[in-house]
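As given, the protein sequences belong to chains A and B, one line each in that order. Take the working numbering: the final residue in the first sequence is number 250, and no numbers are missing along the way. Take the working numbering: the final residue in the second sequence is number 54, and no numbers are missing along the way.
Hints in this document: simulated from the structure, not taken from any laboratory. Don't take each hint at face value.
Stated by the list, open to error - Derived EDC-like pairs (lysine to aspartate or glutamate); straight-line CA-CA distance at most 16 Å: (1) A:K241 x A:D16; (2) A:K87 x A:D152; (3) B:K37 x A:E246; (4) A:K241 x B:E3; (5) A:K87 x A:E246.
Unchecked claim - Label-pair distances were calculated between CB atoms; the ranges are: (6) A:K7 x B:R44: 45 to 55 Å; (7) B:R33 x A:A34: 17 to 27 Å; (8) A:E246 x B:N9: 45 to 55 Å; (9) A:E201 x B:R44: 14 to 24 Å; (10) B:S52 x A:A34: 31 to 41 Å; (11) B:F29 x A:W119: 29 to 39 Å; (12) A:K7 x B:S52: 18 to 28 Å; (13) B:G11 x A:R234: 41 to 51 Å.
We put the beta carbon where it would ideally sit given N, CA and C, even for glycine.
Below, each chain spelled out in residue letters.
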Amino acid sequence: MWKFLHKLASPPYFYDLSASMIPWFAVPGVLLIAYGTYAGLFLAPPDYQQGDAFRIIYVHVPAAYLSMMAYMVMAVAAGIGLIWRIKLAHAVSAAAAPIGAWFTFLALITGSIWGKPMWGTWWEWGDPRLTSQLIMLFIYFGYMALRAAIDDPGKADKASAVLAMVGAVNIPIIHFSVEWWSSLHQGATIVREGGPAMPPEMLYPLLANILGFTLIFGALLLGRVRSEVLFRERRSRWVRKLLLAEQGKE
Amino acid sequence: MSEALSMGNYGAFVWSSYALTAAVVIICFWQGRRRHKAIVHNIRQRIRAMESEG
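One chain only, chain B, in its complex shape:
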């Protein structure tokens, strides 16, 4: 286990690269979802505003 963590003394370099990769994929996913939700929310608000105006 500690051998896997140390990665022949390159552990800090190897593991930080993998952690950053995971972070970027998660951010990409999360950003896309947030934008989608914001767009849906805005369109719904507009529909509601239009309906209340008649």
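Just chain A, same shape as in the assembly:
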């Protein structure tokens, strides 16, 4: 196991292996999203309170879930990079940030679109769930800006890793905000005491979309880590050899 992890952390090995792994994430991801979206839009019955507006859940919840998962990946990878000085871990952290920021934006905007017909407002400043999610978007921006502002890659890795780890405090705040404070936002739907608050025909498409979007995130992340590795190793012999070989094929 340790031997495999050690080998995986070697950039040329990772670069090669990850290329063949991307379809294993992307193909099942697309299939699950195709099912989840179709079933969520057309097969699941309308909600007895929210009517068809509840169908936004099938894109909003996966986006919100991914916004936090991407952050966890970013912060944990940053920690691993900082403690064990593994450059690949820093590359993973850097690659997760833009994807996480996009999904955070998506969670906020789909939440806002859902909020308008249900709560009568696009946005509520005092709401803890909404505000803590917005803060996470700013932490993502801060992380990316900090990276971009430091020229020395080693220093950029370290400084941004500290920021990512400190910002992780926000994750439990987002998660528990609907329990700790009074919020317009509804409570947890799936993971809660007494089991999911949904019948199976509503729940399965949601689970399919959550899993599908997670797999797509995996594929997008692998693609970005590969670019990051290539950039960091741009002066190395293996990159030179690889690009010359690819050029020969074209």
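Knowing the structure of chain A, use the given hints to seat chain B on it.
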């Protein structure tokens, strides 16, 4: 068909959410690809410059 589009009068909210989601996934994919191509392009240029310098 029109029933599916109207989504019980929430059509504009539901469909715009799904359209934005599709847009974000496509942007993420496209951005990643563009960055990859730019990096490969830059490294190739450097290799060429080094080769021409000898």
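Now for the hints, and whether the structure bears them out:
no.	hint	verdict
1	A:K241 x A:D16	holds (13 Å)
2	A:K87 x A:D152	holds (14 Å)
3	B:K37 x A:E246	holds (13 Å)
4	A:K241 x B:E3	violated (58 Å)
5	A:K87 x A:E246	violated (25 Å)
6	A:K7 x B:R44: 45 to 55 Å	violated (28 Å)
7	B:R33 x A:A34: 17 to 27 Å	holds (22 Å)
8	A:E246 x B:N9: 45 to 55 Å	holds (54 Å)
9	A:E201 x B:R44: 14 to 24 Å	violated (53 Å)
10	B:S52 x A:A34: 31 to 41 Å	violated (50 Å)
11	B:F29 x A:W119: 29 to 39 Å	holds (32 Å)
12	A:K7 x B:S52: 18 to 28 Å	violated (36 Å)
13	B:G11 x A:R234: 41 to 51 Å	holds (49 Å)
Checked against the numbered hints given earlier, the structure breaks hints 4, 5, 6, 9, 10 and 12 and satisfies all the rest.
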